[in-house]
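If you want the working numbering, it's the position in the sequence shown, counting the first as 1, plus 1041.
Among the hints, a few may not be true.
To be verified - With a cut-off of at most 30 Å between alpha-carbon atoms, the simulated DSBU-like pairs for lysine-lysine come out as follows: (1) Lys1116 with Lys1052; (2) Lys1099 with Lys1116; (3) Lys1078 with Lys1099; (4) Lys1103 with Lys1116; (5) Lys1078 with Lys1054.
Unchecked claim - Now the in silico label distances, taken between C-beta atoms and shown as ranges: (6) Val1114 with Pro1163: 46 to 56 Å; (7) Gln1111 with Ile1073: 15 to 25 Å; (8) Glu1095 with Asp1053: 22 to 32 Å; (9) Val1185 with Ile1075: 27 to 37 Å; (10) Asn1071 with Gly1112: 23 to 33 Å; (11) Asp1148 with Ser1117: 19 to 29 Å; (12) Asp1053 with Pro1163: 48 to 58 Å; (13) Arg1079 with Thr1200: 42 to 52 Å; (14) Val1076 with Thr1174: 20 to 30 Å; (15) Ser1128 with Leu1058: 32 to 42 Å.
Hints were generated in silico from the structure; no laboratory data involved. Even glycine gets a Cβ: it sits at the ideal position worked out from N, Cα and C.
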Amino acid sequence: MAVVTLVVELKDKPGQLAKVIEPVSKYRGNIISIVHKREKRTPTGSIPVEISIEIDEKSIGKLVENIRSQGVVVKSYNEVRLTSTTSVMLIGHIIHTDLATTIDAVDRTGFAEVVEMHISMPYLEKPSTAMMTISATGEKKLKVALDRLKEVCMKKKITVIEPLELEE
1042 MAVVTLVVEL KDKPGQLAKV IEPVSKYRGN IISIVHKREK RTPTGSIPVE ISIEIDEKSI
1102 GKLVENIRSQ GVVVKSYNEV RLTSTTSVML IGHIIHTDLA TTIDAVDRTG FAEVVEMHIS
1162 MPYLEKPSTA MMTISATGEK KLKVALDRLK EVCMKKKITV IEPLELEE
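Build the full structure now, drawing on both the sequences and the hints.
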């Protein structure tokens, strides 16, 4: 399953949103969110609507075709690549051991990225701490990216603290 964001332009009259929602159901998609951007009307008076859905990758093209056949303008659609996210804490000489190579260990995988990082370095010669948020294309890929990060950090003597996983 992929998470896809569609941006459609709808006329401001009843029944327009149904033209988009019904095909999503037909192709077994699950609507995650709908955002009407009324303040950004188009020159023709249409309202841009951003719809996030979870749907089988193979159905995306058919869904877009079906929506367009209903007379709805599909302005854009894109797959949200990074669907799994976690945050880890790093403790050690993060800056002095070349922060770029630490981040590159994740970013160079091609399936994961460091999407956010906050660093606290209260003293120049003492260890610093960082909260690093990593997103990946899925849970398994996220684990691989974390393993690569841990390898690099072990060589740099940086401690990686992962969140506790709750067992169900």
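Outcome for the supplied range 46 to 56 Å, where the beta carbon pair is Val1114 and Pro1163
holds, 53 Å
27 to 37 Å as the expected CB spacing between Ile1075 and Val1185, which holds or is violated
holds, 34 Å
Is Lys1099 close enough to Lys1116, meaning Cα to Cα at most 30 Å?
With a Cα-Cα distance of about 20 Å, the restraint between Lys1099 and Lys1116 holds, given a limit of 30 Å.
Status of the given 19 to 29 Å range, CB of Ser1117 versus CB of Asp1148
holds, 25 Å
Check whether the Cα positions of Lys1116 and Lys1052 lie no farther apart than 30 Å.
holds, 14 Å
Is the straight-line distance between the alpha-carbon of Lys1078 and that of Lys1099 30 Å or less?
Status holds; Cα separation ~28 Å.
Check the following: the C-beta atoms of Asn1071 and Gly1112 are separated by a distance inside 23 to 33 Å.
Since the Cβ atoms of Asn1071 and Gly1112 sit about 24 Å apart, the hinted range of 23 to 33 Å holds.
The hint says 42 to 52 Å between Arg1079 and Thr1200; measuring C-beta to C-beta, is that right?
holds, 49 Å
Using the C-beta atoms of Asp1053 and Pro1163, is the stated range 48 to 58 Å upheld?
holds, 54 Å
Hinted pair, alpha-carbon criterion (30 Å max): Lys1103, Lys1116. Please report holds or violated.
holds, 16 Å
Does the structure keep Lys1078 and Lys1054 at a Cα separation of 30 Å or less?
holds, 15 Å
Can you let me know if the beta-carbon spacing of Ser1128 and Leu1058 is within 32 to 42 Å?
Once the Cβ atoms are compared, 35 Å apart, the range 32 to 42 Å for Leu1058 and Ser1128 holds.
The structure agrees with every numbered hint stated previously.
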